[in-house]
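If you read the protein sequences in the order shown, they are chains F and A.
This note's numbering puts the first residue of the first sequence at 100, with every later residue one more than the last.
This note's numbering puts the first residue of the second sequence at 218, with every later residue one more than the last.
Heads up, a few of these hints could be off.
What the simulated footprint calls covered on chain A by chain F, stretch by stretch (three residues with Cβ under 8 Å from a Cβ of chain F suffice, anywhere in the stretch; the number is not a length) [to be verified]:
| hint | stretch |
| --- | --- |
| 1 | 243-252 |
| 2 | 259-271 |
| 3 | 284-296 |
Derived by calculation from the structure, the hints in this document are not laboratory data.
All C-beta atoms in this analysis are idealised placements derived from N, C-alpha and C, irrespective of residue type, glycine included.
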Amino acid sequence: MAFVKGLMCRECGREYPAEALNVCDYCFGPLEVVYDYATISDVISRERISQGPLSIWRYQDLLPANGDDPVDIMAGYTPLIKARNLGKSLGLRNLYIKNDSVNPSFSFKDRVVSVAATKAVEFEFDTLACASTGNLACSVAAHAARAGIRAVVFIPWDLERGKVIGAAIYGPTMVSVEGTYDEVNRLCSEVADNYPWAFVNINMRPYYAEGSKTLGYEVAEQLGWRIPDHVVIPSASGAMFTKIWKGFNELACLGLLDGVDASSFGPDQNTVHHPAVTTKMHMAQAEGCAPIVTAWANGQPHVSPVRPNTIAKSLAIGNPADGIYAIRVLKESGGSAYAVPEADVVDGIKLLAETEGIFTETAGGVTVSALKNLADSGAIKPDELTVVYITGNGLKTQEAVEDVVNPLSIKPSMGAFEDVISQRIAVGGR
Amino acid sequence: MMGTQRVKFTFMTQLVKEPIIYQLGQNFNLVTNIRRADVREDMGWVVLELDGDETEIQRGLDWVSAIGVRVDPVSGDVIEG
Ligand SMILES: Cc1ncc(COP(=O)(O)O)c(C=O)c1O
Ligand SMILES: [Zn+2]
Chain F
100 MAFVKGLMCR ECGREYPAEA LNVCDYCFGP LEVVYDYATI SDVISRERIS QGPLSIWRYQ
160 DLLPANGDDP VDIMAGYTPL IKARNLGKSL GLRNLYIKND SVNPSFSFKD RVVSVAATKA
220 VEFEFDTLAC ASTGNLACSV AAHAARAGIR AVVFIPWDLE RGKVIGAAIY GPTMVSVEGT
280 YDEVNRLCSE VADNYPWAFV NINMRPYYAE GSKTLGYEVA EQLGWRIPDH VVIPSASGAM
340 FTKIWKGFNE LACLGLLDGV DASSFGPDQN TVHHPAVTTK MHMAQAEGCA PIVTAWANGQ
400 PHVSPVRPNT IAKSLAIGNP ADGIYAIRVL KESGGSAYAV PEADVVDGIK LLAETEGIFT
460 ETAGGVTVSA LKNLADSGAI KPDELTVVYI TGNGLKTQEA VEDVVNPLSI KPSMGAFEDV
520 ISQRIAVGGR
Chain A
218 MMGTQRVKFT FMTQLVKEPI IYQLGQNFNL VTNIRRADVR EDMGWVVLEL DGDETEIQRG
278 LDWVSAIGVR VDPVSGDVIE G
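Isolated chain F (complex conformation):
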């Protein structure tokens, strides 16, 4: 049973029923879910959550879809790991990694898509659709398979192999569009207007986006119902960034955090800031597509769209839907935003792999490099509790790091082996 009152426009406050809508008819502003927090606070407790499934659906009271029979391939409840080695190399003693690269379809998108798919089934759609540069396509195809409905995924023709196969394997209708990024965007907006499909990030968007709140809930629960001093988050549309913040604030307002008194949500639930939520929110984007970072750095009141040109394709959103709201969160939390030089992205991937044994994709490389910048600049102090969100898996963007393959090639003889191994050891190599 979902505790949803309806939808509300983030710009003008007009209310709408909880249907398959995403834009306000009057001002074209985005719609957001409104909850019945009074009832939620009567039923929710740490104990109730801890008895729930080991997936995002343990937080079903705070999700906008019916959790009794969700489309669940076990998204979420991913490991939170104390990063001793990475921490040591960065001079941070209290660093944790939220490893969301181990979700069922290998990215955090499973969280948002599980909610969108559940909602699509509730609304009786027979097709789940998206336009994606990879992770979203994989997740939509996987969840549609689980739900037993059709998937239609649009991808740009030049996508990495790991992402194409990672989506195609679930049997969706895959449309590979020969065109620029802008053209794919335009085509898909038009398709969404003309086909009665559940487009996860278009007509399902208000519900879909809420799935990312679970990245906030889980970290708090895994830290023993505490929230970090700092979080570092990769951003594309900016939605996840705003939702993690919302998740922390909801927990605080509901009195679920250690030593924090419950408080009311106020009239605009989506901008509520509980004074006990002192987490500094740090955003990471790649230099080749950093519209939110640029707007933040220049103190602009709005985000100017850019044409993406980055190896971090999963972060390549030139016209971010939630950019302006992400900037509000940056301001409210006293956070920061950093554009990672393109050349540092791969270094970030390698640093994480070599210190912690976690292989992330380019988006994770961006995040680790941003973390390094925050540590080097002293923005994060050595003992502050810091969580870095690793949201996608390295197997999907193998092309970015092909140069790591440098084996000792030998004939099958002991002599040949001893020759090369002694040389390698002599130069201190691995």
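Use these hints to put chain A with the ligands onto chain F, whose structure you have.
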């Protein structure tokens, strides 16, 4: 065929002073309906709806892009990571 389209225009410096939306209405016979806007000295954006013949809407948007205005869907990019 008649149609409507919701778009966001973003424009820089010198274009702020141009009567772009007026010309769009006049030259392409479109009804322009502004829903939200923020226009400053050095840049601005306008969220609006265009009503008219579909080919004229397309021609109008092509003209707007050609003079240097950025045209986007109103609710951000739909293609995602
Ligand atoms: C791996 C990964 N991390 C982060 C993001 C950014 O999420 P958001 O669009 O909510 O900012 C995406 C997708 O957009 C992604 O695929
Ligand atoms: Zn509105």
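Quick rundown of the hints versus the structure:
1. 243-252: Not satisfied, violated; 1 residues make the cut.
2. 259-271: holds (count 4)
3. 284-296: holds (count 9)
Checked against the numbered hints given earlier, this structure breaks only hint 1.
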